[in-house]
Amino acid sequence: MAEAIQLRSVTKAYQRAGESLRVLDELELTMAGGTFYALMGPSGSGKTTLLNLVGGLDHADSGTVMVGSVDLTQLDGSELAAWRAGNVGFVFQGFNLLPVLTARENVELPLQLTPLSRRQRRAQAERALQLVGLGDRMDHKPSELSGGQEQRVAIARAIATDPQVILADEPTGDLDRSTAAAVLQLLQRLNRELGKTILMVTHDPQAADYADKVIHLDKGKLGRIDANPGRG
Amino acid sequence: MPWKLLWRNVLGHPVRSLLTVGAVAVAVFLVCVLDAVTSGLTRTLNAASANRLLVQSAVSLFVDLPLSYQQKMASVPGIEAICKWQWFGGRYEQDKGGFFAQFGIDADTFLPSYPEMKITRGSYDDFTKQRTACCVGDELADKYGWQVGQTVPIMGTIFERTDGRPWEFTIAAIYHSDSPAVDNQTMWFQFDYLRESLEQGGAEGPLGVGVYMLRMAPGTDPVAVQQAVDAMFENGPQRVQTTTEAEFNRQFISMLGDVPTLLRLIGGAVLFAIFFAVLNTMLMAGRERTRDLGVMKALGFTDRATGILLVAESLLLCGLGAGVGIGLGLLAEAPFAVATAAFLPGFGFDERTLLLGAGIAVVVGVVAGVLPGRRAARLTAIAALREVG
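Protein sequences, first through last, are from chains A and B. Each residue of the first sequence is one higher than the one before, starting from 11 at the first, in our numbering. Each residue of the second sequence is one higher than the one before, starting from 5 at the first, in our numbering.
So that you can see chain A by itself, here it is in the shape it has in the complex (with noise of 0.2 Å):
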């Protein structure tokens, strides 16, 4: 069963030429493990600020942040560290593979952390390749794949370590339509055959609707979480 998210009375702030500009503010909500939440609001609402707290890319200025049974609030920057490794896996809008490295040695990169073999490290990269399609362009580097195919082996390398939660900033912004979609629909391919959760941070409703749920933020505080129609 995939990890529960919980975040309680968050609040984070930021100083902004000299002012506190608070982007959370006392924010509440429960997600569900092993479900796919689409994440949308206006500019400003919070939505990246609480996707790198769930990712324990940051701390909270109060409040908790629960992933599973862990208080990510309570761990320092080297523990915060290790569970990331273990645990979340991230797809950003601009891909961000490391240009030097081939697809196969990017998926393999978080495995390095693990205390797995080279030989079982490369087999298990080239088995998420596989599964997001790109069996045959594993030796190919980022300058040589398209927009797609690079968000495809970013996923690759978020799932490589089997975490359970994979958090998604706008990850089909920077693909065109059809291609946005084969993400979307791959991400959804994750949610459903392996339970990962996934939350997805979003401007673009048609992308929301990949989502079993919507959870609508607005000036830090949650507004809505909507169940969506298409989905089960």
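These are computed hints drawn from the structure, not numbers from a lab. Note that this is a predicted model, so its numbers are computed, not measured. There may be inaccurate statements among the hints.
What the hints assert, rightly or not - Among chain A residues calculated to face chain B with C-beta under 8 Å, some are:
1) 68
2) 87
3) 95
4) 100
5) 108
6) 110
7) 119
Idealized CB from N, CA, C, for every residue including glycine.
Given chain A's structure and the hints, the job is docking chain B onto it.
Chain B alone, transformed into the frame defined by chain A:
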């Protein structure tokens, strides 16, 4: 640690990496050569014999001493043998651009006073018996393809023959010395040949002696001999300065200035420049890789690991540079040693020189990697990813 990433990052910018490695290689090569020169000077000084004293004019090495001094000095207790040394300063007709030293010496006392010299070809007896004979170093003979019995024409510059022709010396013996105290590129000939030519009008030039070498008997106090000789000529006609061979060599080298300090300063300046070159490369690399560092941190790599990655990259570049530099140095050692043998017979790379080159590369690599490494370690994943949009 993703070592493959380390290599790929270095190979990802081949021109920049090549230039940095090249710059470090040149610096390490230069530092090794400079160190070999200073080590060579030290070896030359250390190889000086303790039982040889040298007497020169108290005014300057370039002022000759009277011939009559030899007989007077022979009366000083403890002096076993005396040998004249007179700088000839001639030019080999077949190689006008080349240079090697020629000295007029007393053949009967010269070789017995320099046991480090071994006759490898020909006969020293023949040298002593023949007025126009000469004894040459094996490196000099090999350089010009000279054989025993061959006549070598030398055009005098200080001592010119009145008939305008070059002096002719016949090679009677070829020697080799393993000690830096005596180089293997010098020509020795009989001082008496020079003296007779000057006295009989066959040549023109100053009739005197540049330096007297005094060989002391075993157990003799060198200070007592020095003081006795200096006191003997205190009232002229030419005051003298008597020194140990090591001190004489030191003074000779110091005529060029404080060479070791000068070389160390040059080496230090080279290192300073190369440090900034490597630092610049690594700062550029760190900045360019900000997004990659952010991604790595998001994937779970620690601050420490990302910092070490940049320090390791800096070390790798410097290590490669050191390898190339030391390799070049080893390749150049033999030609350099031959080229400098006449004035720096002790030149050569030893283990210490090579370790110095490698050590410098390690220190520059670590220090130049620390700043970008620290920046990488302090960077948060969010800031790194945000920086590039």
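Cross-check of the supplied hints:
1. 68: holds (6 Å)
2. 87: holds (6 Å)
3. 95: holds (3 Å)
4. 100: At about 5 Å, which falls below the 8 Å cut-off, the nearest Cβ of chain B leaves the hint on residue 100 (chain A) intact, so it holds.
5. 108: holds (5 Å)
6. 110: Because about 4 Å separates residue 110 (chain A) from the closest Cβ in chain B, which is inside the 8 Å limit, the hint holds.
7. 119: Given a least distance of 6 Å, the restraint on residue 119 (chain A) holds.
Checked against the numbered hints given earlier, the structure satisfies every one of them.
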